[in-house]
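Participant: Now for the letters of each chain:
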Amino acid sequence: MPSSVVETDVYLALDIGSAFTRAFLFDSVEGQYRLIAIGQALSTVTAPARDALVGVEQALLDLQTLSGLHLLGEEGLIMPTSATGEGVDAVVGTLSCGRPLRVVIMGVLPQLSVASARRVVAGAYVDIVEVFTATDAATPEEQIQRLMASYPDLVLLVGGTDKGAQRAVTAHIDLLLWAVRLWPLDQRPWILFAGNEALHSTVQKRLGAHFEVRLAPNVRPSLVEENIAPAREAFLEIARVLWAARYPGLEDIHLMTQGRLTLSSYSFARLARYMQRLYAPRGRFLALDLGAAYLTAVWGDANTGDETLQTWPWGLGFGLAAWEEQPAFFAAVSAWAPIANLNAKGGVPLDYVHWKRWYPTALPLDKISLHMEETLARALLQQVRAKISMLAEPLDFLLAAGGVLSAAPQPQRALLTLLDGLQPWGLTTVLVDYAQMAAALGVLAELNEYVVVQVAGSAPLTPLATVLAPRWQGRFADGEPLADVRLHYGNDEELQQTLTAGALWRWPLAPGRRATLLVHPRRGVDVGAGPGRVLRREIVGSLLGIVFDVRGRPWHPASEAKARLQAWQQFMKALQTQPQEQTL
Amino acid sequence: MTQGTRELTPGPARPTVNIMPLARVERERRLPRPGRVKVVEGHEVTFSEVVAETPRRARLLVLDIARLLGVSPEQARKALRVRARDRVEKGDILAEIRRGLRRRKVTAPQRGRVLGVDARARLLLRVGIEWERVRAGLNGLIARVIEPWGVVVRAEGSYVEGIWGNGALGAGPLRPLTARRSSPVDAEDLGLEHRGVIGVAGFCLDPKVMERGAELSLRGLILGGISHDCLTAARQAPFAVVVTDGFGPVPMNEEAFRLLSSAEGRNAVLLAEPWDLQWGTRPCIMLNLPRVTQAERVLFGEALLVGQRVRIASPTQIEQIGTVLSPQPRWEHLPNGLRAQVVDVRLRSGQRLTVPIANIEILR
Chain L
22 MPSSVVETDV YLALDIGSAF TRAFLFDSVE GQYRLIAIGQ ALSTVTAPAR DALVGVEQAL
82 LDLQTLSGLH LLGEEGLIMP TSATGEGVDA VVGTLSCGRP LRVVIMGVLP QLSVASARRV
142 VAGAYVDIVE VFTATDAATP EEQIQRLMAS YPDLVLLVGG TDKGAQRAVT AHIDLLLWAV
202 RLWPLDQRPW ILFAGNEALH STVQKRLGAH FEVRLAPNVR PSLVEENIAP AREAFLEIAR
262 VLWAARYPGL EDIHLMTQGR LTLSSYSFAR LARYMQRLYA PRGRFLALDL GAAYLTAVWG
322 DANTGDETLQ TWPWGLGFGL AAWEEQPAFF AAVSAWAPIA NLNAKGGVPL DYVHWKRWYP
382 TALPLDKISL HMEETLARAL LQQVRAKISM LAEPLDFLLA AGGVLSAAPQ PQRALLTLLD
442 GLQPWGLTTV LVDYAQMAAA LGVLAELNEY VVVQVAGSAP LTPLATVLAP RWQGRFADGE
502 PLADVRLHYG NDEELQQTLT AGALWRWPLA PGRRATLLVH PRRGVDVGAG PGRVLRREIV
562 GSLLGIVFDV RGRPWHPASE AKARLQAWQQ FMKALQTQPQ EQTL
Chain P
40 MTQGTRELTP GPARPTVNIM PLARVERERR LPRPGRVKVV EGHEVTFSEV VAETPRRARL
100 LVLDIARLLG VSPEQARKAL RVRARDRVEK GDILAEIRRG LRRRKVTAPQ RGRVLGVDAR
160 ARLLLRVGIE WERVRAGLNG LIARVIEPWG VVVRAEGSYV EGIWGNGALG AGPLRPLTAR
220 RSSPVDAEDL GLEHRGVIGV AGFCLDPKVM ERGAELSLRG LILGGISHDC LTAARQAPFA
280 VVVTDGFGPV PMNEEAFRLL SSAEGRNAVL LAEPWDLQWG TRPCIMLNLP RVTQAERVLF
340 GEALLVGQRV RIASPTQIEQ IGTVLSPQPR WEHLPNGLRA QVVDVRLRSG QRLTVPIANI
400 EILR
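The listed protein sequences derive, respectively, from chains L and P.
Whatever position you read off the first sequence (first residue = 1), add 21 for our numbering.
Whatever position you read off the second sequence (first residue = 1), add 39 for our numbering.
A portion of the hints provided could be inaccurate.
What the hints assert, rightly or not - Once the Cα atoms are required to be at most 27 Å apart in a straight line, the calculated DSS-like pairs of lysine-lysine come out as:
no., chain 1, residue 1, chain 2, residue 2
1, P, K144, P, K129
2, L, K366, P, K247
3, P, K117, P, K144
4, P, K117, L, K226
5, L, K366, L, K388
6, L, K226, L, K184
Rather than coming from a laboratory, the hints here were simulated on the basis of the structure.
Here chain P stands alone, though its shape is the one from the complex (with noise of 0.2 Å):
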């Protein structure tokens, strides 16, 4: 007896990091919890466009119509003058009872919708939503709905992805803020030459920048680098901060730095929402051109092949960019002691060196 019935994968499957001056990217947008989809299929959407909705908190009255006309519950339910999912405005009369001569009333506090009564006579009335809503995140159109999840929008043009972001969402055009992808950019770095723009930078030491970025209503920040004492200011930056390749003095990455540098005056979308281990979503940079043919299209993962390029992870070894070597994986001894599954890599710099899998990144 046997059993399973699937094919068996050969080699590992290593997550990507997109660098693509010619890309065509399908992103789902998805919203936490079903909601409804706002758009069709084949429509065309900016980035700031609501996608997608689901209500996050609802604001709720619950009205005792017993206790508040003074009867038994099984009387009150017979005074009611609405049901179930009807809209009522403020005033409205919920309930009503004769008594002799005088009439009780229970009126609505506020415009809203019933959503029911129990069997206590209480009346749950829905005054007010508050929405969790998804916007487009990219200039595209709908490649798919799905319902009642979200959207794909697919959009073409130049594109980096990053490996942190702080959760906001902006556009405007790009403009270099280091002439170096491995300088540093300071608070006095930033000057009112800068409002509006979406700035380039090798990486941020200086918390001050974020606020100098929020003085001159910068649109968002690239960075290659971030330290762990610029975060805070970061994530509360009223613009959108993506990180391309690390924490701390980490430069911006040869290619992501000439294609962002050479961009300058074009407009970009920063989508900087955090990385999503679980589905590989990355917050990213792009930058739209009009349909092109020639575009590669966006992958999150692929089987590690001799002679891709790769990038290796790693916080004290910075920049390891290199080529892969040998696809089969095999167990070996790291330098420090540690046993790794390892391939492979030559640098750019011809070194060659051993690296586990798992530290593994393929560039495209």
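The shape of chain L in the complex, shown without the other chains (with noise of 0.2 Å):
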């Protein structure tokens, strides 16, 4: 890692998101780039303000409030900074507001063209609600019911390896000319070619004169070979535009930023890949952020080079209107939720979805609501699980961000709705982006790779705690002994203990300490190295130190909501840490 700074620019990084817009500046001091302060306003996006640009400006206002430093002129944002230090030399941004744009697929062979024009938008916002294939059944009638029911904002066309073939994709021009007849001028969706190289122009003049045409290089120029970011940097040039006819104010901030405005959920990915070279270079990894309207989600396996960034409109608070009749959801909320009654009056924990889907930015003012905000992500983060395979494996770095997450009273309240959720096994990093700042840094390592590597290093983003969490096959009483544990602190200092079946504890490693942790499992029990195989590691300090989940996977909470709130405050009281502990 760089010792000293290259450039001392001051950046500015907005980020829009649906519930909150927030301001960070960095700026070096004592020569290593730092997060100064965070400004924060409710979005805009949406009514009554209705545009995006008003919450950006009361985020800057906070902004200068919080940190004392003149942002604003007369004339807008300072930019670039004066010689008396005012204003700053950049900005970046990132969006994750508003509603997914509909995409309608058009591509060849499902697993070939298809499955790389899905790739093209993974992760972006988007709803992909048709998809044509040359194998599609369907009578032209219905393909052209289905292509008009769909109402896309962008058609993606794909298919054919460079000249290769030609027909499927003429096929599929020749369906978008039907709609033509059927769609007027203004409700037709944009194209966006990334097939077959040959076709360029007869897509451009067939289609050019009725849509809106974009092409891209071939996302599939032989069989073999993927080509993917052209045609992303095509899509994305076409959302911005879409978005900013939709939205008002993020034409303004896209002026603003000089065209550094991206999604959310890339610069989050991009992020996340970073922190996870830092922390499991050789390892499975997950970074999840839980918005307001979307839920994000990147993982992967450096072993073999896999990764998937995917995004569902699950947020919590917009995104609950995906569950609103789904009993799967709501049992899963009833199964989580540690009280029986919200008030007084008797309302059950269940009305609280529908309050959050209807006051999606609303803050829980009490501790009942808080419980439930963590209730609400536990259930989701449940369906987080059930789409991610992976995590039937050992994990071995987790990375969260999200106000339930990042704003969470006590970060001990965190690591549990994380460890319930998601239930993660093995010997686990776990990370959570306190300052929300994960995709502003994301965008502004495009500008400056230097802001990231030593903001990443900085207190913001300090790990939470590393958690062990075994998982065994045959049944093991609450009690029963797994493994015995050994923890060095490196000066002849040592810890011991004997894992039990069904508890959860802490020891305590500081942030900044390294300890080597030695674990002898019984037979039967895994604690990532394989059944009955001893595990020893190198552990990095944290704000929790080492958390031992012995729960079991899967763990379920108990049935009646009482139990699972004494569970929940016993588990609490276990990681609480102690004046004691900077020592260690």
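The task is to assemble the complex, starting from two chains supplied on their own in separate frames and drawing on the hints.
Facilitator: Here it is in structure tokens:
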């Protein structure tokens, strides 16, 4: 890691979410870039303001107040910094607000071009509303009906290797030309063609007169090659135009950032990859951002190079609309809620789901509401767990962001929410993005990677805990021994204990310290190295140190709300930090 | 160099909840996609009148003329007897060729309109349209036409906004179903005397109320609160349901209950479309009055001011209505440990609360 900065510019990063707009100020302090302050305001993309710029202005005013720095002049943001140190040198932005774009994919084979097209828009805030392939058995009438009923904002037309198949693509062009006869001009989607490059002129000639058409290099130049990046760039450019038309103020923000306005999910994924290289360069990782409208997850295995980025419209607010008529989700909420009644009148926890869906930006005012927010988060994370098969394997690194986790009044609460919802196992380093700056840092990396390198090692991105969660086959009653653990602190100091089934506890290891963990599991018990196999690992210090989650996998909450609350209180107590920990 | 030219907006704007005995409402009635507007500015409308429409779905037929005639696409195109945009009746000849002494023809299987013919001589025939229609929603007049999206309907009268609606539209005389705004309504509370009325009740925890309401041809139901258990039945109810205050055993706010229960027998319109968080329009209840001069305009939002009446959004603390004491928000920790931008509010009980601005709605 470099010890000095090459550039010493002052950077402003804007993050426009569905619920909040944040402004992060990064500057050099004693030769190292640091996060100076965060301004925050309610987002104004929706009514009553319906102008994203209003929220940005309010966040900047808040940032000025908190930092004591003068950033705004009479004519707006001061840029670049003046001789007296006012203003900023560059602005970047990320956004995760608004409804998803409706995308139709037209490709040749589901496993090839269509799969590539899905990857072009993966992680973006889109809803793939319809897919057409060469193997589609529907009649022409049915295909036109499906296309018309999907009301796309964008058609992503792919298929055919370069100099390869043309017929299927031509059939899709014909289908779009049929639709022209039914779509008024102002309702027609954009067309992004990223298929057989021999068809570029045909596509432009035949569709260009009727649609806004963009051409990008083939996503599948050959059967064994995939080229996603250029099509993704073209998609982002179209998405930006569509969002700007839909949401006033975004164009101004785009100009303010001089074009460096991107999707929060992409930026979040970029930072996640960087953090994974720091904390689990040879392991499996999962990073997730639980926002108000969307839930973004990026996961992969550094050993195989596999990586997936996915965004679901499942945020803890606007995103609850997705579950309105899903009994399984309500069952999950009921199963996790640690309270039986919301209030003295007898409201039930499920009423809270509807309230939050219609008041997505409102905050929990009391302890019960806070429990309910965390309950919803557990239920949403449980849905994520069901979607990510990799979680059946030991997880090495977990990065989490989102208000309910990042702004939790105690970090232990965030950890319990994550452990309950995701139930990772093995030895996992857990990091929570307390400042909710992951997306901002991700986009800032484009401008100055030193900012990211230096800020990533600073306090706001200190690991929360290293969690050892064994799993086992067969029955171990609560209290039965599962493994012997030792922790060498490196100065002849050593802790020893036996892991017993059903327990959750911790050993402190302060940030900046290192220790060696040695685990001897009993037969049939797997701590991530294989059933019965010894685990020896260097551990880095964190806020909570090493947490032993020996509740088993899967772990199910008690059937009674009262028992769930008691268990939660007991676990919270077990995770409390002690004053003497500073010395450990 | 400076970027951006807009003035800074001082203070946060918060959404308003309008509960007004004399209100002038201007309600945008908008299609989901561009379409055609069917009324003109100044036109008087009743709540159920269609003001704009756009095709939701077209029923289509693709006729492969070349295959049906047994000729090449080029020959088939020459054989066409119709052009794009032509209207055809069932049995009309679409294409025809002569083979020696015999004629071969393709006729329209249904009445419809020819949309076009492609290079492969496939003819696209539209044989029906399903329309997506927007109704006026209120009794009033067309204040503005927003081509090609819809209109703004202006109406005057007593007006109550809600937080949840089941998507339906209804009108009828108002009739309280519960004597108190904090009482639940049960299926047994609905009798034959409620046939064709819009019922007003504290809250509903009993899904059978919806079933009973349907049996009695209820025109609508206005509730302070509705429980999770009733929502599915309410969504499927054949009448309009508007919820004013919350989810669960939440009483109706005093202002709305007083206004609605004092209007027993008067005709009301329930526009129970869901709250649109993007545009700020809420489900609402309108009791039309003849043109009134003192009517105040309904707003979607305004800046927080000292002395403003506000409703505190919280599912755990029922009925929190108070007055703003401090207009400038500040950062503070809430009792549960969360940090938020807050203002001070005095409740009707005299209790002083610190409330996040994110949880405040302005009552008008």
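Participant: Each hint should be assessed against the structure and marked as holding or not.
Facilitator: Against the structure, the hints:
no. : hint            : verdict
1   : P:K144 x P:K129 : holds, 14 Å
2   : L:K366 x P:K247 : holds, 20 Å
3   : P:K117 x P:K144 : holds, 13 Å
4   : P:K117 x L:K226 : holds, 24 Å
5   : L:K366 x L:K388 : holds, 17 Å
6   : L:K226 x L:K184 : holds, 18 Å
The structure meets every hint from the earlier list without exception.
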